[in-house]
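2 protein chains.
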Amino acid sequence: MNELKLTEVKKHYGNKSVLDGVTVQLQPNTIYGLLGRNGAGKSTLLNIVTNRIPATAGSVTMNDRDVTNNDEALQQMYLMSEANLYNPRLRVNEIFKETARMYGGFNFGLASRLAHEFGLNVNARNGKLSTGYRSIYKLIVALCVPADYIFLDEPTLGLDANHRDLFYRTLMDTYAERPRTFVIATHLIEEIAHIIERLVIIKTGSVLVDSSVEETLAQSHVILGPQAEVAAYTAGLNVIGEESLGQLKVRYVYGALDDKILPDTVRIDGMDLQKLFIELTNEEGDEHVI
Amino acid sequence: MNELKLTEVKKHYGNKSVLDGVTVQLQPNTIYGLLGRNGAGKSTLLNIVTNRIPATAGSVTMNDRDVTNNDEALQQMYLMSEANLYNPRLRVNEIFKETARMYGGFNFGLASRLAHEFGLNVNARNGKLSTGYRSIYKLIVALCVPADYIFLDEPTLGLDANHRDLFYRTLMDTYAERPRTFVIATHLIEEIAHIIERLVIIKTGSVLVDSSVEETLAQSHVILGPQAEVAAYTAGLNVIGEESLGQLKVRYVYGALDDKILPDTVRIDGMDLQKLFIELTNEEGDEHVI
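Note that the protein sequences, when read in sequence, are chains A and B.
Sequence positions in the first sequence follow numbering that gives the first Met the number 0 and run 0 to 289.
Sequence positions in the second sequence follow numbering that gives the first Met the number 0 and run 0 to 289.
A portion of the hints provided could be inaccurate.
Identical copies go unnamed one by one, so any copy, or any two together, can satisfy a pair.
What the hints assert, rightly or not - Straight-line Cα separation of at most 27 angstroms, DSS-like style, residue types lysine-lysine; simulated pairs:
#1 K127 - K15
#2 K15 - K248
#3 K202 - K96
#4 K274 - K248
#5 K96 - K9
#6 K9 - K248
#7 K259 - K4
#8 K248 - K4
#9 K248 - K127
#10 K96 - K259
#11 K127 - K274
#12 K127 - K4
#13 K259 - K127
#14 K127 - K202
The hints are simulated quantities; they were obtained by calculation from the structure and are not laboratory data.
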């Protein structure tokens, strides 16, 4: 299998640092969630990995060879993003053909079935499609291209709940039939929580979390109870956020819980992925009082 | 309280019918979810109610007076939508002032606090803002304007999870302090499920559901078990969708369950709002096989 590796990738625009040394090894045949706040550098990272823009420093390698000017490596990667790379006058089925030519293959049967299921007119011109249908034809291309690494930057932009549901189902189906690596960058975290296996969280240009979803959730705790007891129980733990509700306090803890004795009045629950993300990436000092 | 009523509202564009007779009475001091697929007519409806576009037939009245050319009524309504109505050269704080002038009031204190919490620069020019921050300043305007009916069309477009979370919290806070009616049109159904009290679902230009969230969920059932038993139990019920998983079948039922005897092998669960919406509004005949 092709191994894709990012080493100390940096990107500066003048004085502004967007990526500040990102090192990640992407595992083959794995579905990733790439999470980060607006402006955290997710899109920049995806554009660098797929060689659309140059890094300021660091390297991206496939099987230990730099991907820059490396056609073999670039053919194993496809990036679906908001950028409209195809001529607006091209029809959807012409885009399918052009992709087949560029990538040396394309699953036309699947593309045709998906176009039907999504209600996409393959004779429509690219430039005439709504935001939703522009996302849809790009998703279809991403699912039908024979690359080992598929990067999806906000794949469900403009899609209604039915089409998002259909997309997630289709992604899982095509993944089961032909495993490859998907990297999904999205703000709709709860919707992909049950699909992704691994998680990369970027915060202000650096990797904050690179772990399996299972391990991450096992480390994520909600501690609820009376103010004083919760404060005592969580003292010394990695508290990433808290909320107050009258006499009750909720503290969010990321990491191991020590073997302290839990008072009867304090409860420990799991945390969902979106809540964990919010607490991990909120700016300092925004305690919420409900 | 001001009563807002839509009666048999229709909208045609040439031969194309977008709204096909919508009758809804909006209750005062209530948070609504307005749901529908892409193209169902939600935005058209909001634009007609707030008098931005004319209806082909039917009426919108406030306290039994038509809202057309009715400044008193229009001052009680504010629509936040993707349309950019303000001059791109205006600064955010100038937009706040202009809104105050038009609506005869504005909560400048709250606006200033929210701008700080969202990290919005109030000296930035409208036309220079990102999609996310354009949504944010419009949300702030919507929460600070002294109108009785606030319509929000895809309010969280371009917002990351943290900002969506902050918006939902702020909405609930300002609603508790000064109750009024919010109508939220969005595709992110699960995210507003715990906020909204009533639900209006539009399907191809007509009202499919107009009910409280509580009643709607009480009518929504997931029936799971062996194929034959599930088929027998749900015969005669309002089955809105089904899925198969090997020998197991899931059927989604909307409406009363009869007093049939439930076999031990069959389980009944509740359905979440997004799943209900998807099953109610999917096109005919798209049975999903997992």
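Going down the list of hints, with the structure as the test:
1. In the homo-oligomer, the alpha carbons of K127 and K15 lie at most 27 angstroms apart only across protomers (18 angstroms), although the nearest pairing inside one protomer, at 36 angstroms, exceeds that limit.
2. Taking the shortest Cα distances, K15 and K248 never come within 27 angstroms of each other, neither inside one copy (39 angstroms) nor across copies (55 angstroms).
3. In the homo-oligomer, the alpha carbons of K202 and K96 never lie at most 27 angstroms apart, since the shortest distance is 38 angstroms inside one protomer and 35 angstroms across protomers.
4. For the homomeric pair K274 and K248, the shortest alpha-carbon distance inside one copy (16 angstroms) is at most 27 angstroms, but the shortest distance between copies (32 angstroms) is not.
5. In this assembly of identical chains, the alpha carbons of K96 and K9 never lie at most 27 angstroms apart, being 35 angstroms within a copy and 42 angstroms across copies at closest.
6. Taking CA atoms no more than 27 angstroms apart as the test, K9 paired with K248 passes in neither setting, with 40 angstroms inside one copy and 51 angstroms between copies.
7. In this assembly of identical chains, K259 and K4 lie within 27 angstroms of each other by CA distance neither inside one copy nor across copies; the values are 40 angstroms within and 59 angstroms between.
8. Taking the closest pair of Cα atoms, K248 and K4 never come within 27 angstroms of each other, the shortest separation being 42 angstroms inside a single copy and 43 angstroms across copies.
9. Proximity of K248 and K127 under a CA criterion of 27 angstroms is satisfied in neither setting, with 52 angstroms inside one chain copy and 41 angstroms between copies.
10. When the C-alpha separation of K96 and K259 is checked against a cutoff of 27 angstroms, the pair qualifies neither within a copy, at 63 angstroms, nor between copies, at 55 angstroms.
11. Taking CA atoms no more than 27 angstroms apart as the test, K127 paired with K274 passes in neither setting, with 38 angstroms inside one copy and 31 angstroms between copies.
12. In this assembly of identical chains, K127 and K4 lie within 27 angstroms of each other by CA distance neither inside one copy nor across copies; the values are 38 angstroms within and 36 angstroms between.
13. In this assembly of identical chains, the alpha carbons of K259 and K127 never lie at most 27 angstroms apart, being 62 angstroms within a copy and 52 angstroms across copies at closest.
14. When the C-alpha separation of K127 and K202 is checked against a cutoff of 27 angstroms, the pair qualifies only between copies, where the shortest distance is 24 angstroms, while the shortest distance within a copy is 36 angstroms.
Figure legend: structure checked against the earlier numbered hints; hints not met, in rising order: 2, 3, 5, 6, 7, 8, 9, 10, 11, 12 and 13.
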